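Quick mapping for you: the protein sequence lines, in order, are chains B and S.
Residues in the first sequence are numbered consecutively from 1, following our numbering.
Residues in the second sequence are numbered consecutively from 1, following our numbering.
Please note that the accuracy of each hint is not assured.
As the list claims (entries may be wrong) - PhoX-like mimics (lysine-lysine), calculated; alpha carbons at most 25 Å apart, straight line:
1) 193/S <-> 250/S
2) 215/S <-> 43/B
3) 193/S <-> 163/S
4) 216/S <-> 43/B
5) 250/S <-> 178/S
6) 193/S <-> 155/S
7) 242/S <-> 178/S
8) 217/S <-> 43/B
9) 155/S <-> 208/S
10) 205/S <-> 250/S
11) 45/B <-> 216/S
12) 242/S <-> 86/B
13) 178/S <-> 163/S
14) 86/B <-> 178/S
15) 193/S <-> 205/S
16) 86/B <-> 245/S
17) 193/S <-> 146/S
18) 45/B <-> 217/S
19) 178/S <-> 245/S
20) 45/B <-> 215/S
What the hints assert, rightly or not - Listed next, with one range per pair, are the computed distances between beta-carbon atoms:
21) 258/S <-> 67/B: 26 to 34 Å
22) 82/B <-> 210/S: 41 to 49 Å
23) 145/S <-> 59/B: 24 to 32 Å
24) 80/B <-> 239/S: 28 to 36 Å
25) 66/B <-> 239/S: 26 to 34 Å
26) 44/B <-> 208/S: 29 to 37 Å
27) 147/S <-> 44/B: 29 to 37 Å
28) 227/S <-> 83/B: 36 to 44 Å
29) 141/S <-> 74/B: 40 to 48 Å
These aren't lab readings, by the way, just hints derived from the structure by calculation.
These figures come from a predicted structure and were not determined experimentally.
Even glycine gets a Cβ: it sits at the ideal position worked out from N, Cα and C.
For reference, the chains in residue letters:
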Amino acid sequence: MYYVGTCSFCEQGNLGVRLCSNTEHAVILCDECDALWLSPELKGKPAFLEEPDLPCPYCPGNLTESPACWASMGEIIERGWIATIKGETD
Amino acid sequence: MKQPDPKQRGSKMKSPSWTIAIVVFLSLYFILQRQQEENDPPDHQVNQVQNQKPISSSGESREALSRLKETDHHAKIKKEKGSDQTGIKQQDGSAASHSNSRPITASPAIKIQTPANSNRPPPVVSSKSTAHSQPELGQLRDLGGKVWESAAGLKYGPGSREKHRLLHIMRHAEDQPKRPGKHGVFLGAGDRKKVLALIDEAYLKALKGGRKIEKKKEGNRVVYTVEMGRRIGYVGGSVGNKQGKPSASKIRLVLEGTNVITAFPL
Chain B
1 MYYVGTCSFC
11 EQGNLGVRLC
21 SNTEHAVILC
31 DECDALWLSP
41 ELKGKPAFLE
51 EPDLPCPYCP
61 GNLTESPACW
71 ASMGEIIERG
81 WIATIKGETD
Chain S
1 MKQPDPKQRG
11 SKMKSPSWTI
21 AIVVFLSLYF
31 ILQRQQEEND
41 PPDHQVNQVQ
51 NQKPISSSGE
61 SREALSRLKE
71 TDHHAKIKKE
81 KGSDQTGIKQ
91 QDGSAASHSN
101 SRPITASPAI
111 KIQTPANSNR
121 PPPVVSSKST
131 AHSQPELGQL
141 RDLGGKVWES
151 AAGLKYGPGS
161 REKHRLLHIM
171 RHAEDQPKRP
181 GKHGVFLGAG
191 DRKKVLALID
201 EAYLKALKGG
211 RKIEKKKEGN
221 RVVYTVEMGR
231 RIGYVGGSVG
241 NKQGKPSASK
251 IRLVLEGTNV
261 ITAFPL
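Whenever a hint applies, use it, and build me the whole structure from the sequences.
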């Protein structure tokens, strides 16, 4: 998982780039508390999607069921977010 | 001359003395028996009462009392008959008056086995049964639909990368030294029950409130940071490992109502 920072809400989770189950939309999601930002600028307060499905904020898909996944480097480059990446976790 | 038979003479000699001895013995026996009857309570009543069940309800006690009165009445009639037969006149304050003139409940002779005067110890609610009715912290109860409820009332259900919150929480039962940033690790050597007991304890403290509790609310999410006052884990992860795994005495709980999103030491 490529991460863009640490969650300001739980202060422990890593913020990864997550693709929805339609693989069209990318969001920033905390791997610890599921706090969500729409872009890696991390502006404002996080949103909290309905648990446990975490419906995609842009489409009828969701962030939990396959093929929803953490974005690869290519998918991050595609979206122009490469500059925000801080590193990779296991 | 005809000599008298020594055997016959002996029996003749013996018979009057034997008769006197028997008469004296019998008279003494009757006197003593009469004295005993006058002084002692009617034993048969005590035995009857002792054989009865312990009286618990007022209805039962009334029945028992009426039974006792009947028995007393019969005993009195018997005694009166007996005294008529022997020709001994009953005086006031005799056995009959003892048995009938005073209230039965006040009679010291009647030993009714109520819980108050029984030698049997009263039923005590043991601490064991109380412990059974109140589950230990860390114990889980299946609510169905893959949702588990802890003793403190926290719910663990489906969610997170690990597909279930319990699996997610157990990520904090061991260190992930390569994980970027901090990774709180619970003490308890990976024992789920111990980890959940710590979380339950933290939650109960959070509900109590106080100076050692920090609360942050965002929408329907609540984050509690609870100072436990003792070492409950350590800070792992890449940052924690660089710092030599410092002790953690706080637990952070991220909740949605009573649903656990995550919990970890800091």
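Hint by hint, work out which the structure violates, then give me just those numbers in ascending order. none
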